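Chemist: In case you want the letters, here they are:
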Amino acid sequence: MSQATQTPPSATPPGQSAGPAAGPDLLYGEDETDLRGAVRSLLEDRAQWRDVLARTETGQTYDTGLWRTLAAEVGCAGLLVPESQGGAGASYREAAVVAEELGRAAAAVPFLGSAVVATTALLAAGHDELLAEVASGMVTAALAVPFAVGGFATAPFATGSGSRQVPTVRLDGGGAGDAAGTYRLTGSVAGVADALTADVLLVPADGVPYGLYAVRADEARMTRTPVVSLDMTRQLCDLTLDNVPARRVAVGDGAAQAVAAALTAGAGILASEQLGIADRCLELTVAYVKERRQFARPIGSFQAIKHRLADLWVAVIQARAAARYAANCLATGDPDTLVAVALAKATCSDVAVKAGQETVQLHGGIGFTWEHPAHLYLKRAKADSIGFGTADAHRASLAELADLPPAGADGA
Amino acid sequence: MLTGDPAGGARGSSPGASTEVTAGDLRGQVREFLAAHDPAQPDRLEFLRARFDAGLAWVHYPAGLGGQGLSRSLQPVVDDEFAAAGAPGNRPERNGIGLGMAAPTILAYGSAEQEERWLRPLWTGEEVWCQLFSEPGAGSDLAGLATRAVRDGDDWVVNGQKVWTSSAHIASRALLVTRTDPAVPKHKGMTYFAVDMRAPGVEVRPLRQITGEAEFNEVFLTDVRIPDADRIGEVGQGWQVSNATLMNERVSIGGGAAAREGGMIGQAARTWREHPELRTPGLHDRILRLWTEAEVARLAGSRLRQQLAVGQPGPEGSAAKLVFARLNQDITEFEVELAGADGLRYADWSLRRPETTNFYGRESGYRFLRSKGNSIEGGTSEILRNIIAERVLGLPTEVRVDKDVPWKDLPR
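These protein sequence lines map, in sequence, to chains R and F.
Heads up: the first sequence begins at 1 in our numbering, then just goes up one per residue.
Heads up: the second sequence begins at 1001 in our numbering, then just goes up one per residue.
Just so you know, the hints here were simulated from the structure itself, not pulled from any lab data.
The model shown is predicted, which means the values in this text are computed figures rather than measured ones.
Warning: the hint list may mix true and false statements.
To be verified - Cβ-to-Cβ under 7 Å is the rule here; a few derived chain F residues that face chain R: (1) Glu1126; (2) His1187; (3) Ala1300; (4) Ser1302; (5) Leu1322; (6) Ile1383; (7) Arg1385; (8) Ala1389; (9) Leu1395.
Unchecked claim - Chain F regions said to be covered by chain R (calculated; three or more residues, Cβ under 8 Å): (10) 1263 to 1274; (11) 1285 to 1295; (12) 1305 to 1311.
In this text, a Cβ means the ideal position worked out from N, Cα and C, and glycines have one as well.
Use the sequences and the hints to build the structure in full.
Modeler: Structure representation (structure tokens):
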């Protein structure tokens, strides 16, 4: 097939505005490509899959050393935070590129939990002091919600009822703080991501009224029990709080909005991580079927395999468009953000799991072994597909957002 | 052919040229043109010819051939300005093959004299083009074609049968690929021509399809004389020229739909909203999945156009056609089921001869049937998967038994 006539001349450098009729920028800008390069080379150096796999069987499943370098030296902890508040002054577009790379490596660092989810909550709540610490990479934070957070289906990311379903922690002593502004929290939260190595936990708690509280992770009356997780590259933990001292970060609608914004951003950026997983799985599998020979020919010459990989390539292209759109909407505060995030999470969840499954199947026996990285990706993809709302939950959000009501609605 | 975008336009724009002419400059040019040429004048062809000569037809085409060598992304500026003035258009929907496939092929492989002679009447719509490629014995295996062209003085004499020719009954010219040397392997013995559809020996017969109508035709060529001056490309170069045409066909077929719900999904979504009594839980899940896929496919199309506009060559075009075909089929299948009792009715099975393909304004049953062609026309989905696997992913080719054998010795 002649490609010659398909290549239009370069008129504008990549990443610049694509012209008057272009709409939202779905490409990667130069800064984003540079950041990707920096993150990828660090991960190639420090997070080869054998290192990642070995770490899952130790008592320290998060790579805190790698996270320190990524957070503070590369500057990934403060991407979302304005420079005036101690951050890098970038946006969700850059954060999405970092997430793609972390997905490609299945790297065990709490970027999503600290630099995206908790940071978004702190930005929304306007908690400058803690924000600056988290942005610098000195402090790692996590939002104390289940990774398998619900509430997306009935009231997608909305303030009020949706996020009010989140807290399973309550405020002690009738909700009043003491003279020093210290509150007390009691309760438990199961299956929290990126919290095992966090220094500060942001805990949504019911009380009068609903609020968001900061709890130091080393408080004596708080326990973090590691969970043997489906995905040990993002190990979950169960939190228990027993009259634990806490500072108030936000209260009432402000708290509800901060939690809703954090969950929306978490789902949107997780979609880019899923894209990274799918992209890497496709790459690994294409390389393998070119090398692996059976019946005296590379197995990649069989149509049964070619067509599956062509379909996967098409799926990755769709996932990339959806993930970029979500990142761009988050970055620009677009009114279509909720639709974009639901589209991206619904799409990328399915594509990443599909990619993980195809990687196992098309590698044959070796793909089923512990000694091959396929299982790391399959497990991460499957866990990610549940994290911050399943594909089904996000499609259910779209029923409301896109005005496609269920059977029985409209009085039918 | 479903869109009339002049999708080729590879040559002509010189790098950097587009930075010199802005959208504002172009608007100024259109206004000047309109001041000198009354858009309300009765002779629309005269107006269109003048527009072509002013370089305001397709701005990404070369100067002197209806364009100015600008970025393709500036075309909507010009189109919008003419549309706002109520100027007559060139009815691109009647000449999709001409604009989308013939023009870029002529630009890539035609001589300067041919460009001069053919492009203007093509763009104005004076000459509608069709494509004489497929034969009863050469569908997916186009290179196996048997229509013979034999040199006779300054002419070639052509005999054979072509099939699946849309627009043949309104076309005045056709792209034709023939066998000129049966003694060499099949890809090497082909030659490409433009043929006058009114020449003696060209007979067009309607080919009725599963919708009841006849968009397509069979074309019988009996001792048709074509001057050598109408050969496109070198003798024996027909396969390369054909591929340029086909790549543009796939871009054209996969393009389109710029607004949310602008494509086939819009019909289904409107029916869903207007008829609560038709809804069931199972259909609700399906429409949410389809809406999500359609919206993501639309975003992927936007991303592809942005890549083209900034000169990033994107093989994603072939993905677009695959997705478009599958989605159209899934959505229309859903539509017929959603329609229930009405889905059992069909407006008209009589043999009609439409000038354009229009999915809209007809019942769901028509769309259901017509969309079955989407995964066959312009390259079957299976052939497209082979192309993606081999040319994009670089997988090894099939073991071939027909590549190095003279065409005349192949079993058929």
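Chemist: What hints, given by number in increasing order, does this structure fail?
Modeler: Hints 1, 2 and 6 not satisfied by this model.
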